[in-house]
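Following the hints, position chain R against chain F.
Spelled out, the chains give:
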Amino acid sequence: MAREGLTARGVGKSFGAFEALGGVDVHAPEGKLTCLLGPSGCGKTTLLRILAGLEQPDRGEVALGGRSLTGVPASKRRFGFVFQSYALFPHMTAAGNIAYGLKGNMPRREIGARVDELLKLVRLEGVRDRYPAQLSGGQQQRVALARALALQPEVLLLDEPLSALDAKVRVMLREELCQLQEKLGITTVMVTHDQEEALTMADEIVVMNGGKVMQAGTPTDIYDRPADPFVAAFIGAVNFLPEWVGSASPDSRLAIRPEHVRIARADDIFDAARRELAAGAAERQPGLRRTAGCLLLAGRVEQAQFRGSSWRISVLLPHPSGGAEPALIHADLPAHEAAGLRLERGALLDLALPETRLLSYPSEACR
Amino acid sequence: MTAPPSGSSPLQPAAASGKPPIRGTVLAQGSSLILLLALLAAGLVLPLLFMFRQAFLSPDGSYAGLRYFRAYLESPALLESLRHTVSISVMTTVIAVPLAFLLAYALARSAIRGKALFKAIALLPLFAPTMMHGIGLTYLFGNQGFVTTGLFGLLPFELRIPLYGPVGIIISEVVYTFPQAFLILSAALSVSDYRLYEAAETMGAGRARQLLTVTLPSVKYALAGAVTVCFSLSFTDFGAPKVVGGSYNVLATDIFKQVVGQQNMALGAVVSLVLCVPAVLAFIVDRVVSRKQQAYVTSRSTAYRIRPGRLRDAAAYIYACLAALAIAALLAAVVLASLIQVWPYNLTLTLSHFNFADAAAGGMAPFWNSVRMSLLTAVIGTAAAFMAAYLIERISLWRGLRQAAYFLSVLPLALPGMVIGLAYIFFFNHPGNPLHALYGTMAILVLSGVMHFFSVPFMTASASLKMTDKEFETASLSMNAGWLRTFLRITVPLSLPAILEMAVYFFVQAMVTVSAVIFLYGPQLKLASIAVVSMDDAGDTDMAAAMSVLILGMNVAVRLGYEALSCRLRRRTVAWRGH
Numbered sequence: 000m001a002r003e004g005l006t007a008r009g010v011g012k013s014f015g016a017f018e019a020l021g022g023v024d025v026h027a028p029e030g031k032l033t034c035l036l037g038p039s040g041c042g043k044t045t046l047l048r049i050l051a052g053l054e055q056p057d058r059g060e061v062a063l064g065g066r067s068l069t070g071v072p073a074s075k076r077r078f079g080f081v082f083q084s085y086a087l088f089p090h091m092t093a094a095g096n097i098a099y100g101l102k103g104n105m106p107r108r109e110i111g112a113r114v115d116e117l118l119k120l121v122r123l124e125g126v127r128d129r130y131p132a133q134l135s136g137g138q139q140q141r142v143a144l145a146r147a148l149a150l151q152p153e154v155l156l157l158d159e160p161l162s163a164l165d166a167k168v169r170v171m172l173r174e175e176l177c178q179l180q181e182k183l184g185i186t187t188v189m190v191t192h193d194q195e196e197a198l199t200m201a202d203e204i205v206v207m208n209g210g211k212v213m214q215a216g217t218p219t220d221i222y223d224r225p226a227d228p229f230v231a232a233f234i235g236a237v238n239f240l241p242e243w244v245g246s247a248s249p250d251s252r253l254a255i256r257p258e259h260v261r262i263a264r265a266d267d268i269f270d271a272a273r274r275e276l277a278a279g280a281a282e283r284q285p286g287l288r289r290t291a292g293c294l295l296l297a298g299r300v301e302q303a304q305f306r307g308s309s310w311r312i313s314v315l316l317p318h319p320s321g322g323a324e325p326a327l328i329h330a331d332l333p334a335h336e337a338a339g340l341r342l343e344r345g346a347l348l349d350l351a352l353p354e355t356r357l358l359s360y361p362s363e364a365c366r
Numbered sequence: 000m001t002a003p004p005s006g007s008s009p010l011q012p013a014a015a016s017g018k019p020p021i022r023g024t025v026l027a028q029g030s031s032l033i034l035l036l037a038l039l040a041a042g043l044v045l046p047l048l049f050m051f052r053q054a055f056l057s058p059d060g061s062y063a064g065l066r067y068f069r070a071y072l073e074s075p076a077l078l079e080s081l082r083h084t085v086s087i088s089v090m091t092t093v094i095a096v097p098l099a100f101l102l103a104y105a106l107a108r109s110a111i112r113g114k115a116l117f118k119a120i121a122l123l124p125l126f127a128p129t130m131m132h133g134i135g136l137t138y139l140f141g142n143q144g145f146v147t148t149g150l151f152g153l154l155p156f157e158l159r160i161p162l163y164g165p166v167g168i169i170i171s172e173v174v175y176t177f178p179q180a181f182l183i184l185s186a187a188l189s190v191s192d193y194r195l196y197e198a199a200e201t202m203g204a205g206r207a208r209q210l211l212t213v214t215l216p217s218v219k220y221a222l223a224g225a226v227t228v229c230f231s232l233s234f235t236d237f238g239a240p241k242v243v244g245g246s247y248n249v250l251a252t253d254i255f256k257q258v259v260g261q262q263n264m265a266l267g268a269v270v271s272l273v274l275c276v277p278a279v280l281a282f283i284v285d286r287v288v289s290r291k292q293q294a295y296v297t298s299r300s301t302a303y304r305i306r307p308g309r310l311r312d313a314a315a316y317i318y319a320c321l322a323a324l325a326i327a328a329l330l331a332a333v334v335l336a337s338l339i340q341v342w343p344y345n346l347t348l349t350l351s352h353f354n355f356a357d358a359a360a361g362g363m364a365p366f367w368n369s370v371r372m373s374l375l376t377a378v379i380g381t382a383a384a385f386m387a388a389y390l391i392e393r394i395s396l397w398r399g400l401r402q403a404a405y406f407l408s409v410l411p412l413a414l415p416g417m418v419i420g421l422a423y424i425f426f427f428n429h430p431g432n433p434l435h436a437l438y439g440t441m442a443i444l445v446l447s448g449v450m451h452f453f454s455v456p457f458m459t460a461s462a463s464l465k466m467t468d469k470e471f472e473t474a475s476l477s478m479n480a481g482w483l484r485t486f487l488r489i490t491v492p493l494s495l496p497a498i499l500e501m502a503v504y505f506f507v508q509a510m511v512t513v514s515a516v517i518f519l520y521g522p523q524l525k526l527a528s529i530a531v532v533s534m535d536d537a538g539d540t541d542m543a544a545a546m547s548v549l550i551l552g553m554n555v556a557v558r559l560g561y562e563a564l565s566c567r568l569r570r571r572t573v574a575w576r577g578h
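Line by line, the protein sequences give chains F and R.
Just so it is clear: in the first sequence, position 361 is 360 by numbering that gives the first Met the number 0, and no numbers are missing.
Just so it is clear: in the second sequence, position 178 is 177 by numbering that gives the first Met the number 0, and no numbers are missing.
Because the hints were derived from the structure by calculation, they are not lab data.
Check the hints yourself; a few may be wrong.
[What the hints assert, rightly or not] Below, a list of computed lysine-lysine pairs in the DSSO-like style, where the Cα atoms sit at most 30 angstroms apart:
| # | chain 1 | residue 1 | chain 2 | residue 2 |
| --- | --- | --- | --- | --- |
| 1 | F | Lys167 | F | Lys119 |
| 2 | R | Lys219 | R | Lys465 |
| 3 | F | Lys102 | R | Lys219 |
| 4 | F | Lys75 | R | Lys219 |
| 5 | F | Lys102 | F | Lys31 |
| 6 | F | Lys102 | F | Lys182 |
[To be verified] Just a few of them, taken from the derived set where beta-carbon distance is under 7 angstroms, the chain F residues facing chain R:
| # | residue |
| --- | --- |
| 7 | Leu53 |
| 8 | Phe82 |
| 9 | His90 |
The beta carbon of each residue, even a glycine, is placed where N, CA and C say it ideally should be.
Pulled out of the complex, with its shape left as it was, chain F reads as follows:
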């Protein structure tokens, strides 16, 4: 069945003994921004280069709108490609770089107008005749983008386009890039190792590790329901709870993100639960006291770090029978909620883990 957008089916690639891609299936929906996200060496850049035709896959195929691209060289695919650190031609001006792909594809007289249009699109009218060495990092990035868009490609491929920029410019260009992508409605695939970049920019995220696709879905899907422990840990932070914190079956382990851990205090909704705890009325099974849809745990403050808008509190949970190492669990607490708490080392705290926020994974996957 022909799907709209760009599709990779069973793509595998090895470099000598190293398997960079072990047969991956990826779909980038038409007109959307898809992020390939993963740690370095996960094969995301190799996959992008295969999509561009700069690298030939050992097996599998790439198709655009159901039409196979096997055997179509990079120069004939007419995809826009923005290289990591841009690869602008150092001996050509900004306008020269942008016009490069247009020459031979467009009447000579129209090229100038098209270049101006593109420079306007990326808001760089003033640097038309400057050389790359005379441009700032952000300007170079935009020239590279304009150059990639010059031929009105069906697909735009971006290889870590923002990684060479400093933090402020990066955030600004992130928004610009998203707006531009939306405005042009161009099918876009972007490689990044920055989870924040992926979450804020992407319509679809493909998380990769070790040459495999771990999970694909929308940013909220991936953040709220990470399919496995790797994805959970790679995107955002996650606590893997000790095995003795009860779960439904002995083969699975629970996990929770730090911002979902609540601190139980006398004056909040968990007050009832606390009193119950004190009275010893709750279930006796260690770590599995439940009340008001929460798992309740008690521990001592190990460390509290102020992070501006929030506190990260590390709590040491002693093993109920003292048989194993105590486990450390992190909780992120908004600064205003932390205001009345005693957070010095050793202070006792009760933690409440809302059951709706608990994640469960097979225990062998968590090692």
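Okay, now just chain R, sitting in the frame of chain F:
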């Protein structure tokens, strides 16, 4: 290495013994710098000034104004030589640069085997005196040449080219300049940025467009460098026109005739100034080029990836074979001729040509003189060039003087050997000069060699010093080791590969040079390269061939010894060099 004495506090020595060593260091560094400037003054500045002055003096010593310049411009013979020289240089450049570019490109951008061998053969002419190319040509294309006579009569036809004259000179100069252009272009092609090729490809550029818009712009400065080097080398060469020029006069042979033949010093000086023009231009281009070339690659660049391409590889292989074959055949002809009774009539093997007893030169003495002179040039030149680079790169005294020393250290690039030789005559042969005693001795030959070939080793040393971290020296000094000790125990060992390379360069250049020393050798101090010229002049071509072969053999042996040594050095130091 040297650890600080145990128990001493790192803070203590500075207060206790910091002052006297620093004053000593300043004294030692200052006097070294002055010594270097004195050497550059005596070996370069004063001789050049004397030569410049000579152009304005009549034989009796009175001021002649521009009379000799006018005489030059009014002499049809001399102007004809200038025209000859320009056309030789233009033709040489037009032929040598594309040939060298093709080979450099074939070796850099294809996946053929035997690249190291092709490269070695391409560089072989560097190790031979330029007369040897001319002699080789006479054995192949001369009246009794191997090719001329249809492979000694094996073929039913003859293949005559008008060798003696411009054709022979141009072929010799092409062989002579080819390796130089090849080296420059290979270096430039090896540092390209592969991302640019990929960027061009994603924008739909084909192979031809990539060559025009990515490859050529990235080597354009190197191309300019290769053009000027080829032009100025062939403009000033003396050896090849001497051997195959016949009656076709060029500037370099003119100077020789004016000065040695007619004792017309002033006119010789004027011709020398003309000779300097392209070299000075080449010098300026080289300065600009070396500054601009660096900007082309950055730390983010990726190395060129050679993709499979059978047709391309086949073409590259055929071309590399042809180029190597041409060079090898030329040199092999000389080697063969030196081992054969009478080319082409009696082809039995003999070593009699290597018995130079009956030649005008007299035995093996010139060869050993050359070896001695080259060794001395290598040792003294390397020490001087390395010291110069060190003093200019590393110390912080007298900025102005160091800049002057830098300029003088790279200036010899712009000076043809003939000019240096002539300038030395005017300066050292001047009766009022206290250094007059040097004239005709080994010392002046060595000094001319050191100065003539100073710039390239100097730049090698500078580059090496720039790459080694200054912190090592600071660390050594902070451990209270003296400046000299730091220099000998830290700086020199870290630069050892560069130092070896410099010494080999000096040695090889001194073995093959003829242009400067032809004015300077004493009656008892003939050199091998000069013996080649005089034996060829006297018609003893076979002996001239034999002597050339000895020079080539010596240079190749020294080079191989260097390769073996630096290979061992690399293996021994790989642990701390880290690659």
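Less than 7 angstroms between beta-carbons is the criterion; does His90/F satisfy it with respect to chain R? For His90/F, the interface hint holds, since the closest Cβ of chain R sits about 4 angstroms away, which is under 7 angstroms.
Is the Cα-Cα distance between Lys75/F and Lys219/R 30 angstroms or less? Given that 30 angstroms is the threshold and the Cα spacing comes to 29 angstroms, the pair holds.
Distance restraint between Lys102/F and Lys31/F, which requires alpha-carbon spacing of 30 angstroms or less: holds (29 angstroms)
Per the CB criterion, is Phe82/F less than 7 angstroms away from chain R? With a closest approach of 5 angstroms, the Phe82/F hint holds.
Restraint status (C-alpha distance of Lys102/F to Lys219/R at most 30 angstroms): holds (22 angstroms)
Taking 30 angstroms as the top limit, are the C-alpha atoms of Lys102/F and Lys182/F close enough? holds (25 angstroms)
Under the criterion that the straight-line Cα-Cα distance not exceed 30 angstroms, is the pair Lys167/F, Lys119/F satisfied? Holds: Lys167/F and Lys119/F sit about 22 angstroms apart, inside 30 angstroms.
Agreement of Lys219/R and Lys465/R with the hint, judged by alpha carbon distance not exceeding 30 angstroms: Roughly 25 angstroms separates the two Cα atoms, so the pair holds.
Measuring from the C-beta of Leu53/F to each C-beta in chain R, is the shortest one below 7 angstroms? holds (5 angstroms)
Violated hints are absent here; each numbered hint is respected by the structure.
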